[in-house]
Amino acid sequence: GAGVSQSPSNKVTEKGKDVELRCDPISGHTALYWYRQSLGQGLEFLIYFQGNSAPDKSGLPSDRFSAERTGGSVSTLTIQRTQQEDSAVYLCASNLEINTGELFFGEGSRLTVL
Amino acid sequence: SQQGEEDPQALSIQEGENATMNCSYKTSINNLQWYRQNSGRGLVHLILIRSNEREKHSGRLRVTLDTSKKSSSLLITASRAADTASYFCATGSYNQGGKLIFGQGTELSVKP
Chain A
46 GAGVSQSPSN KVTEKGKDVE LRCDPISGHT ALYWYRQSLG QGLEFLIYFQ
96 GNSAPDKSGL PSDRFSAERT GGSVSTLTIQ RTQQEDSAVY LCASNLEINT
146 GELFFGEGSR LTVL
Chain B
17 SQQGEEDPQA LSIQEGENAT MNCSYKTSIN NLQWYRQNSG RGLVHLILIR
67 SNEREKHSGR LRVTLDTSKK SSSLLITASR AADTASYFCA TGSYNQGGKL
117 IFGQGTELSV KP
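Top to bottom, those sequences are chains A and B.
First residue of the first sequence? That's 46 in our numbering, and the numbers climb one at a time after it.
First residue of the second sequence? That's 17 in our numbering, and the numbers climb one at a time after it.
These are computed hints drawn from the structure, not numbers from a lab.
A couple of the hints might just be wrong.
Claimed, not checked - Footprint (simulated), chain B over chain A, 3 or more residues, beta carbon under 8 angstroms:
hint, region
1, 69 to 82
2, 94 to 101
3, 146 to 157
Unchecked claim - Simulated pairs of lysine-lysine, DSS-like, Cα-Cα distance not exceeding 30 angstroms:
hint, chain 1, residue 1, chain 2, residue 2
4, A, Lys56, A, Lys102
5, A, Lys102, B, Lys86
6, B, Lys85, B, Lys72
7, B, Lys42, A, Lys102
8, A, Lys102, A, Lys62
9, B, Lys42, B, Lys86
Here a beta-carbon is modelled for each residue, glycine too, at the ideal position from N, C-alpha and C.
Working from the sequences, and respecting the hints, build out all of it.
Printed below as a string of structure tokens:
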């Protein structure tokens with residue numbers, strides 16, 4: 046596709062369940078980023094990938110959060126044993142390489158934990 | 017803590033007026049970027065200014081950067097109702113690795 050694609054666009058889950066959020070970056074983009082945005086707030090950095098490796102995982106809130114990227118393309122963000130405070134919009138972005146300027150964002154995955 | 021802090025948090029103006037948003041940051045940067053977010057959507061890149069630049073223009077947008085004060089401003093001239101959105105600054109620097117750090121945003125409302 047032409048842009049960054051995220052799925053699902055909306056996810057409602059029960060507390061304690063695991064969720065997987067998917068990001069398909071722009072073809073050829075080696076850098077991929079995950080951010081979290083709570084209602085009415087700014088963006089909180091979670092993790093970024095350069096290729097398949099994640100040089101910076103410092104933003105992951107707890108060990109319930111993990112992310113992987115395979116084939117230098119699609120990335121999956123997994124949240125285990127979801128809590129209500131995990132409710133937010135999870136945004137994915139990509140660019141050609143790190144430190145090369147603008148990020149291209151997907152539309153986000155809105156997660157609601159009941 | 018967030019690198020960029022925006023001011024004001026919310027701004028309401030009439031169509032045709034200019035809108036100015038400010039961003040302050042704490043550490044040295046390579047570049048500063050501004051993004052726009054319409055309600056319920058992803059972010060869209062507006063403009064990037066490098067640390068060795070002082071001013072940049074793009075259409076109705078004007079961005080300034082003062083590295084001595086660690087601040088930037090975004091000016092939207094002759095605003096339109098369609099400019100209604102949240103605007104975020106984001107800083108990039110080599111000591112942050114590859115990540116951009118975003119501010120809390122300014123919510124702009126342009127009334128017709």
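Here's how the hints hold up against the structure:
Here the region 69 to 82 of chain A counts 3 residues with a CB under 8 angstroms from a CB of chain B, which clears the bar of 3, and the coverage holds. Under the rule that three or more residues need a Cβ within less than 8 angstroms of chain B, the assignment of the region 94 to 101 of chain A holds, with 3 such residues. As drawn, the region 146 to 157 of chain A meets chain B at 8 residues by the rule of a beta-carbon pair under 8 angstroms; at three or more, the given contact holds. Distance restraint check for lysine 56(A) and lysine 102(A): the Cα-Cα separation of roughly 24 angstroms lies within the 30 angstroms cut-off, and the hinted pair is therefore satisfied.
Using a Cα cut-off of 30 angstroms, the hinted pair lysine 102(A) and lysine 86(B) holds, with the two alpha carbons roughly 27 angstroms apart. Between lysine 85(B) and lysine 72(B) the CA atoms are separated by roughly 17 angstroms; this keeps the pair inside 30 angstroms, and the hint holds. Between lysine 42(B) and lysine 102(A) the CA atoms are separated by roughly 22 angstroms; this keeps the pair inside 30 angstroms, and the hint holds. Between lysine 102(A) and lysine 62(A), the direct Cα distance comes to roughly 23 angstroms. Compliance with the 30 angstroms bound is thereby established for this hinted pair.
Proximity of lysine 42(B) to lysine 86(B) is assessed by CA-CA distance (about 7 angstroms); at most 30 angstroms being required, the pair is judged to hold.
Violated hints are absent here; each numbered hint is respected by the structure.
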